[in-house]
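Colleague: The residues making up each chain are set out below.
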Amino acid sequence: MTSPIAKPVAPASPVDHSLLYPSPYKEFWQAFARNKGAVMGLAFMCLVVFCALFAPWVAPHDPSEQYRDFLLTPPVWLEGGTWQFILGTDELGRDLLSRLIQGARLSLLIGLSSVVMSLIPGILLGLLAGFFPQILGPSIMRLMDVMLALPSLLLAVAIVAILGPGLINTVIAIAIVSLPSYVRLTRAAVMGELNRDYVTAARLAGAGLPRLMFVTVLPNCMAPLIVQATLSFSSAILDAAALGFLGLGVQPPTPEWGTMLASARDYIERAWWVVSLPGITILLSVLAINLMGDGLRDALDPKLKNAA
Amino acid sequence: MLSFIARRLGLLIPTFFGITLLTFALIRLIPGDPVEVMMGERRVDPEMHAQAMERLGLNKPLPVQYLDYVGKLAHGDLGESLRTRESVWTEFLTLFPATLELALAALLFAGVIGLLAGVIAALKRGSLFDHGVMGISLAGYSMPIFWWGLILIMFFSVSLGWTPVSGRIDLLYDIEPKTGFMLIDTLLSDEEGAFKDAVMHLILPAIVLGTIPLAVIARMTRSSMLEVLREDYIRTARAKGLSPARVVFVHGLRNALIPVLTVFGLQVGTLLAGAVLTETIFSWPGIGKWLIEAIGARDYPVVQNGILLIACLVILVNFVVDILYGLANPRIRHQR
Amino acid sequence: MQKAFMKSLPLRLALAALVLGSATQLAAKPLVVCTEASPEGFDVVQYTTGVTFDATAETLFNRLVDFKPGTTDVQPALAERWDISADGLTYTFHLRQGVKFHTTDYFTPTRDFNADDVLWSLRRQLDPAHPWHGKTSVGYPYFESMSFSRLLKSVEKIDEHTVVITLVRPESPFLRDMAMAFTSIYSAEYGDQLLKAGNTAQLNSKPIGTGPFIFQRYNKDAQVRFKANPDYFRGKPPAESLVFAISTDSNVRLQKLRANECQVAVYPKPEDVPSIKADPRLKVAETEALVTGYIAMNTQHKYLSDVRVRKAINMAFDRQSHVDQLFGKGNALVGVNPYPPTMIGYNTSNQNPPRDLDKARALLKEAGVPEGAVITLFTRNGGGMTNPNPRLSAEMLQADLKQIGLKLDIRVMEWAEMLRRAKKGEADLVSTGWAGDNADPDNFLTPLLSCEAAKNGENYARWCNSKFQDLITQAREVIDNDERARLYSEALKVYDDDQPWISMAHPKVFTAMRDNVEGYVISPLTNNNFATTKVK
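Protein chains in written order, with numbering that gives the first Met the number 0: chain H, 0 to 307; chain U, 0 to 335; chain G, 0 to 535.
Treat the hints loosely; a few may be bogus.
Stated by the list, open to error - Heads up, simulated DSS-like pairs for lysine-lysine below, C-alpha to C-alpha not over 27 Å straight-line:
| no. | chain 1 | residue 1 | chain 2 | residue 2 |
| --- | --- | --- | --- | --- |
| 1 | U | Lys195 | G | Lys67 |
| 2 | H | Lys35 | U | Lys123 |
| 3 | G | Lys67 | U | Lys177 |
| 4 | G | Lys134 | U | Lys59 |
| 5 | U | Lys177 | G | Lys219 |
| 6 | U | Lys195 | G | Lys226 |
| 7 | G | Lys28 | U | Lys177 |
| 8 | U | Lys71 | G | Lys226 |
| 9 | G | Lys492 | G | Lys67 |
| 10 | G | Lys205 | U | Lys177 |
| 11 | G | Lys219 | U | Lys195 |
What the hints assert, rightly or not - To give an idea of the interface, some chain U residues facing chain H are shown, with a C-beta separation under 10 Å as derived from the structure:
| no. | residue |
| --- | --- |
| 12 | Ile18 |
| 13 | Leu20 |
| 14 | Trp147 |
| 15 | Met153 |
| 16 | Val157 |
| 17 | Gly160 |
| 18 | Gly264 |
| 19 | Val267 |
| 20 | Gly268 |
| 21 | Leu271 |
| 22 | Ile291 |
| 23 | Ile294 |
| 24 | Val302 |
| 25 | Ile309 |
| 26 | Val313 |
| 27 | Ile314 |
Derived by calculation from the structure, the hints in this document are not laboratory data.
We treat Cβ as the ideally placed atom computed from N, Cα and C, and that holds for glycine.
Only chain H is shown next, with the shape it has when bound in the complex (with noise of 0.2 Å):
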């Protein structure tokens, strides 16, 4: 008895309709491929951070050797070039690429540090601050307005004035500027959260209050954290430039890029590409950084996607 007998199909189970759209991580994505500058900034960081990464092994020459019979040799395109020191020579006859590829490291090194030395703190602040509205928050909001009153490039000025130069020293200086920035933005987006539904569903269910603080309400709060963070990477990388341009920074002869501008000021006239190359280099990595953000905001955060 072979008679064909229907299969008993399963009835259609309802479509989930979240397994239709892409899943988070490529939404992201998307949204952030489309921004063509955001993409561009992407991959010029990745080359940043390549070469910050194995520095010893991309560079073509030891960054602190000194030719002594080298000095001051122009750019391999340019009259008395040679291919032995592509970006040229400084004053002590340091090849100028190697010397770039190292402060790669130093430059990301600085940003990284710093941002991760401030986040911490200023999420826990910003926390605080939006947990406890009544006398906690008010004195943290205050504490972070004086800071906030003073030009961060002078605070840092004054900070590295006590603590002495050096790189150590720098990253905390520009750590401690950049706080008030994250505990305003989580205080804010603490207090927009605090009202919502799920977190008194969460409240009533029994969670203590750093499971309240950390898991229930942060992760929804970490997208204009991202976007700060990376904007603040890039003005890390710009501060600690400006405190080694002033001779506060990293000392020489570290080459970091803000300190070799520092020494290039007297080669203004003779050996241009001591000045222009290292600032150019700069340029383009914070550039790069904003680039990233730009895209990073305007994929995270639904509000800003029609505007502009």
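With chain H fixed as given, assemble chains U and G onto it according to the hints.
Modeller: The following block gives chains U and G in isolation, referenced to the frame of chain H:
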């Protein structure tokens, strides 16, 4: 309105005290002995050292020193520079006009060009001009302004010789500093060609200092303008048959300007920070250079009170901008 | 008649043109000097830096005696001649007559310079009862550090043109001290005028003196303007007006010099000197400065108290290459004695030990110093005249000491902090320098190597040798120059046997200027005077 102002003022006072505490703490934390600084490298008699410490009030406990400091501030006594023995307030007043002149010139440059560029970019949205303006302004606040200054000097002063390398005016002119503003003083003096010389000296530093505000203002104007142009009342105005120019400038720009105003005010902080770098590069004798040199020379009273004065300036400008914004936007006035 | 007139018209026109032309030429351009920092103020006795002295003592004021330009010899200035009593305690100065104080829009003198002005200027600093004594915030630093308040018994006048200064004890360097900036003579009349008007602060911003230039204006941090004093007792300066353009960056100074915006640029960097010399439009004046760069060895330190260890270190240090690298070839003398050869008593038989690493190691072993012993070196973090690159200098010493088995721990810090801690004896080695003020050996030896200085800490080597101390105390009191030279020479032999220092260098001082600048004499005391300078 008055209660709004009062509320804002109320916020100012604790912020002000916070700043005095901050600057006091900062300076006391700097290592090094102020009396040694004053003596230079000369030998300091232990007895003289003790006397000087006594005279400067440095041997009292810290909280007492802080109260003394605040007390003096209340009387307008900002102390004396350790280096020149001149009153910090006098030094500040002498040098401030130079920075103010530079900042105003920079703001003028940034404001005029930024507004224009932003409006046109908004009107021609998506065009090459728009992308160009956006690109240039992004580059503007991505670049280190001290490098930008060096490049401009290299190009315009050294190579082309169009502008001078540094300073406010050529050394051959003897200009009496009646107001402190070189542009006005040169007009008041009877030296020929001095005014033009002063203008030439002002151009590059103003451009350098104004670059970042230019970028921010251009961007802000563009996005604000775009938002406003989408509004219904604009459509109504167009429908009514008003000329495009009238629509844009009378109805559009006026409302678009409000957020831009706040940006203007917020640029004070940027301008003061930028002044430090710009004055260093162009040897412009203003308060930025003054502060940096004081920090290097461990001139505590100057650093402490100089930073205090600058912070007060920033707070004051922000306060005024807040009030103006409140005046312009009634919604803000009645917010908590 | 008409023909004659017509004939002479072109001549007249030519003459007129010539006169007009030279008239506009006479409205001469000022002599512009690019200086390295702003003067602290114009009341010179309150300050201690060379910048301030250049802008006040050298331009606006005179003292009773001066140094002959370019030398360290004393010459008469506001005092025509002087007598010193046999016991060395009484100095009688006979003052020059007919010297006029400046006339400006804020002061007109009614009398010439006389003894009252000397009394005013010196008593102001000496006598607590003087109405002006307390009108400063920190007193009179140079007066104090030279111990004048303990040295001077009295300052009196015998008549309008004679002043008698009585000392508490004989002090040979005293005459030279009177050539230093802090003894500048002010106008007592102006002082009284300000005191009566209750405007004593103006002394610091609108000065009056007898010097070659009259104060016109100070644009803070930008420029100082002077005009020539037509009544200057040595003759009116050739420069009609003088401008100090304040340019803190040495590269900007050089740029301005090249553009002829300034005609003189002080203190160029030593490494720029060759390129300045090579430029046909510029020239460089140079001389050995009365300056010493050295490293003091803390003789109270565990190992450094042993003279063998100190000798070993001196044997290992490669002085010549250090001086060459730090200052550039030929820009500094290798140091041997605590002060440079131009001063009396310089002991030429003292020599630096030849570099001998084996002998050094042997000495260390003999002294029982273990291999790899750590010694700290305190040094400042910014370059200065006595040491343009402290970090490089320290690293070179570190490399040298490594070769004899000593590990050098370099501690870089702010110089004020460094001095403070070094005075307390926290350092094993201190890298520092000293500039002489009056070209007297005592000016180097007493503040830096005496027993008293060892007690108060400024003798960073904390070295107290009684034989040395006796010799320099004697030399300080003896008046006869040759006797002094002999005593100092002997003292320096004692110093050489005991080696409390690593002597480093006597740098040269340089001034860059345009080729057509004449009449500038560079001074080993590193101050800059433009009373005879002109642009051809």
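Colleague: Evaluate each hint against the coordinates.
Modeller: Checked hints:
| no. | hint | verdict |
| --- | --- | --- |
| 1 | U/Lys195 with G/Lys67 | violated (45 Å) |
| 2 | H/Lys35 with U/Lys123 | holds (20 Å) |
| 3 | G/Lys67 with U/Lys177 | violated (41 Å) |
| 4 | G/Lys134 with U/Lys59 | holds (23 Å) |
| 5 | U/Lys177 with G/Lys219 | holds (13 Å) |
| 6 | U/Lys195 with G/Lys226 | holds (25 Å) |
| 7 | G/Lys28 with U/Lys177 | holds (23 Å) |
| 8 | U/Lys71 with G/Lys226 | violated (40 Å) |
| 9 | G/Lys492 with G/Lys67 | violated (30 Å) |
| 10 | G/Lys205 with U/Lys177 | holds (16 Å) |
| 11 | G/Lys219 with U/Lys195 | holds (22 Å) |
| 12 | Ile18 | holds (5 Å) |
| 13 | Leu20 | holds (8 Å) |
| 14 | Trp147 | holds (8 Å) |
| 15 | Met153 | holds (5 Å) |
| 16 | Val157 | holds (6 Å) |
| 17 | Gly160 | violated (12 Å) |
| 18 | Gly264 | violated (13 Å) |
| 19 | Val267 | holds (8 Å) |
| 20 | Gly268 | holds (5 Å) |
| 21 | Leu271 | holds (5 Å) |
| 22 | Ile291 | holds (6 Å) |
| 23 | Ile294 | holds (5 Å) |
| 24 | Val302 | holds (7 Å) |
| 25 | Ile309 | holds (7 Å) |
| 26 | Val313 | holds (5 Å) |
| 27 | Ile314 | holds (5 Å) |
Consistency note: the structure conflicts with the earlier hints numbered 1, 3, 8, 9, 17, 18.
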